[in-house]
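K.L.:
Here is what each chain is made of, one letter per residue.
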Amino acid sequence: MMWLTWRQFRAQAIVTAGGLVLVVVVLAVSGVQFADNFHATIAGCQVHGSCSQLAGGFLNALKGSGYGVIGQVAIALTYAVPGLMGVFWGAPLITREIETGTFRVAWTQSVMRSRWLAVKVGLIGLIALASAGLLSLMASWWMHPIYQASATAGGSDSAVSRLAPAVFGANGVVPIGYAAFGFALGLTIGVLVRHTVPAMAATLAVFAGIQFAWPRWIRPHLMTPLRSTTPLDVSKINQLMIDPSGHMYVTASVSKPGAWVLANQTIDPVGNPFTGPPTNACLNQGIQACNASVTRLHLRSVVTYQPGSRYWAFQGIETAIFLAVAIALVCFCLWWVGRRRLS
Amino acid sequence: MIEFHLDSRSGVSPYLQLIQQVRQGLRLGMLAEGDQLPTVKDVVGSLAINPNTVLKAYRELEYQGLVAARPGVGTFVTKTLADDTIAAHAGLRTDLEKWLAKARRAGLDDESIEALLLTTFRATTKEAV
Amino acid sequence: MTVALQSRALTKRYGRRQALADCELSVPAGRIAGLVGPNGAGKTTLLHLAVGLLAPTSGTIEVLGESPASSPAQLARVGFVAQDTPAYARLSIADHLKLGARMNPGWDDQLARRRISDLHLDPRQKAGKLSGGQRAQLALTLGIAKRPEFLILDEPVASLDPLARREFLQGLMAAAVDQELTVLISSHLVADLERVCDYLIVLQDSRVQLAGDVDGLLSTHRLLSGPRCDTAQLPPAWQVISASHTDRQSTLLVRSSEPVSDASWSVAEISMEDLVLAYMSNATVAPSRDRTLEVQR
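Chains as they are written, first to last, in numbering that gives the first Met the number 0: chain H, 0 to 342; chain A, 0 to 128; chain G, 0 to 296.
Please keep in mind that the hints were generated in silico from the structure rather than gathered at the bench.
Incorrect hints may have been included.
Each computed EDC-like pair below joins lysine to aspartate or glutamate, with the alpha-carbon atoms no more than 20 Å apart [claimed, not checked]:
1. Lys255(H) <-> Asp156(H)
2. Lys40(A) <-> Asp94(G)
3. Lys125(G) <-> Glu148(G)
4. Lys55(A) <-> Asp214(G)
5. Lys125(G) <-> Glu98(H)
Sample of chain A residues lacking proximity to chain G, with all beta carbon distances greater than 12 Å (derived) [what the hints assert, rightly or not]:
6. Pro13
7. Val39
8. Gly44
9. Ala89
10. Arg103
The following label-pair restraints were derived from C-beta to C-beta distances [to be verified]:
11. Leu118(G) <-> Ser113(H): 33 to 41 Å
12. Leu120(G) <-> Ile85(A): 42 to 50 Å
13. Gly121(H) <-> Ser66(G): 46 to 54 Å
14. His187(G) <-> Val324(H): 53 to 61 Å
15. Phe75(A) <-> Pro122(G): 36 to 44 Å
16. Ser116(G) <-> Glu59(A): 35 to 43 Å
17. Leu120(G) <-> Phe211(H): 34 to 42 Å
18. Ala267(G) <-> Arg121(A): 37 to 45 Å
Beta carbons: idealized from backbone N, C-alpha and C, even for Gly.
From just these sequences and the hints, can you work out the full model?
P.N.:
Listed below in structure tokens is the structure:
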């Protein structure tokens, strides 16, 4: 049974291995250079006390540079691969056998169909998890200088938090959970839909939808967010808007190094969200007078956030959830296949 | 070893055709005492018929006293149907070949030859009765 | 005498569509059984139930005394060749043999290899590049080399040319003798099965219309022709399967365990093909035992 699984999967395994080797080599080579680049940039900064500045400069220089491209590609790949595994390895696993009728050969040898499926899912699933893990390992290692720089740069705008949705799902152990889920999702949709192309399309749609919705609506609540209230710092105002209906909205950025800021709300001294009315100074006079008038309003910034220290907690919780769902889906598939309604 | 062939259009069941062909072989001297009949596996492997048909035919031949089955070895001829007329066969066969050549020279096709042979045979058989 | 396949009140429904209704079958071991019926009659459904690819809606089916696909040991006793003989297109013949070896503890590799070489097939050839006849032979090899007790085949020769068909049946019969197989083979053409089967099952409209040993069926069915008569006035022991009348003459197909002694009838034997056709064209919704009641009325 192991031999048959491998023989059927061989071509895909070789292609994947080839791709992985290529990616690993590129990341390894460029990653070493990248780290060297960073250390060279901040060399001796402690002497001059300019570490924060140099780190910030390093991060700013990333945009549009070759390293920036490599980094983005690495992140994109690590996000995409679990979904691709679901689409190309999970969905066709059973649908191809159904469409070609070969399941009538496979299930009338001397192997119970539950064992047949279990071996296939186990072997290919393990390869999927290992591949995703390797990719994530390389991506996390490669991006390490970015996080180091972000920590050193403190409140720089270019600082990247590991919890940020853009990078969280491409580092750590979470991609392994995604890969398990993607594979199991593809398998389940394949078992239910029974036709390869629709199953692949549906798997892609569902997986992408979940990847889109999860960081927005579910992850923020996996642990109760923290709140901090600080006086609004007019020097940090990043948004001031006056609309025709006579409302004014002000937001000032709050420095929370390494944290994932979920919301930033400005409240008035009483505690209600500040909606105006616009001060005279802001309507008619220049920025300086406007800022001064805003200071006199004694507004406060309420920031809802997840601290960076919770990074591994989030990784653990999210990976566990996706793994659990994957296991449940696989159990469902084993049960469904055993029901003998497929003929 | 004789080889069986089946005529699916003759209306005669395969079982009877097998028996007839063995008897014919015995009569014409193609099968002699001690010769082995083809194994059931060989017969069904070339004719694609049910093995029981062959088994029944061989059993009937055994019942007729013509063959005997030796378990584990095969089925062997025990008695031949050839008689003294065998000696005349060679000469008669040559005469037949000459007649056939004559018929073909006259322009008869296979169907006409067969029809002529059979009707004459039947007519003379009736007379002989 | 053991029973290879036993079904009681076997029924399979898909939603409102009934694929098989109330099938009672008892195929003895050692037979080469033919399952005949038009397309859509339920033959494939019955065979898939027998190999465990489907589960019944109601009723039971037992193959070699056990529930189909109930254990690896049971699976090993039954071989199956599915309709259109599916194969893994990108795997070579040798790969398929390896598949058989790895997935069947009773696999006879020598037998498999000998068969492939006797058929002049190239083991390195991919299954997707084989002709229909070659693929059928590969499927047959897979079924035979696992050394089952019971081999089930779903219309294996339907799309083969006459030569390939003959070669397939030759190989099947030789293996049946060699391994003392029980065989159940389905077809929608009686001609395919006539020479090969000694047990017959006729399936139509999802029901078993006729089942029994071919010898017994052919010897108890008679084609009678004689002066025009009223079927209600015939002896009750005669089960009239079909009757056709002109204004002067009646032709009947009659099933009777006693010989027909009435001199007013001229009696002829019936061929298997005509027998099957008679039962198929006469298919009723109720089981055939009801017909005896009608005649006796």
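K.L.:
Run every hint past the structure and note whether it holds.
P.N.:
Taking the hints in turn, this is what the structure says about them:
For the proposed pair Lys255(H) and Asp156(H), the alpha carbon gap of about 11 Å is at most 20 Å, so the pair holds. Distance hint between Lys40(A) and Asp94(G) is unfulfilled; the C-alpha atoms sit about 29 Å from each other, more than 20 Å. At roughly 29 Å between alpha-carbon atoms, Lys125(G) and Glu148(G) are farther apart than 20 Å, so this suggested pair is violated. For the proposed pair Lys55(A) and Asp214(G), the alpha carbon gap of about 12 Å is at most 20 Å, so the pair holds.
Using a Cα cut-off of 20 Å, the hinted pair Lys125(G) and Glu98(H) holds, with the two alpha carbons roughly 19 Å apart. Residue-level check failed: Pro13(A) sits 6 Å from the nearest beta carbon of chain G, not beyond 12 Å. Annotated as non-interface, Val39(A) brings its C-beta within 12 Å of a C-beta of chain G; the closest such distance is 5 Å. The beta carbon of Gly44(A) sits about 4 Å from the closest Cβ of chain G, which is not more than 12 Å, so the claim that it is off the interface is violated.
Look at Ala89(A): its CB is around 36 Å from the nearest CB on chain G, clear of 12 Å, so calling it non-interface holds up. For Arg103(A), the shortest C-beta to C-beta distance to chain G comes to about 31 Å, beyond the 12 Å cut-off, and the non-interface label holds. For Leu118(G) and Ser113(H), the Cβ-Cβ distance of about 34 Å falls inside the hinted range of 33 to 41 Å, so the restraint holds. Between Leu120(G) and Ile85(A) the beta carbon distance is about 46 Å. The supplied range of 42 to 50 Å therefore holds.
Between Gly121(H) and Ser66(G) the C-beta distance comes to about 27 Å, which lies outside the given range of 46 to 54 Å. At roughly 47 Å, the beta-carbon separation of His187(G) and Val324(H) lies outside the given 53 to 61 Å, and the hint is violated. For Phe75(A) and Pro122(G), the hinted distance range of 36 to 44 Å is satisfied, since their beta carbons lie about 39 Å from each other. The hinted range of 35 to 43 Å is satisfied by Ser116(G) and Glu59(A), whose Cβ atoms lie roughly 37 Å apart.
With their beta carbons about 52 Å apart, Leu120(G) and Phe211(H) fall outside the hinted range of 34 to 42 Å. Take Ala267(G) and Arg121(A): their Cβ atoms lie about 22 Å apart, and the range 37 to 45 Å is violated.
This entry does not satisfy hints 2, 3, 6, 7, 8, 13, 14, 17 and 18, going by the numbered hints stated previously.
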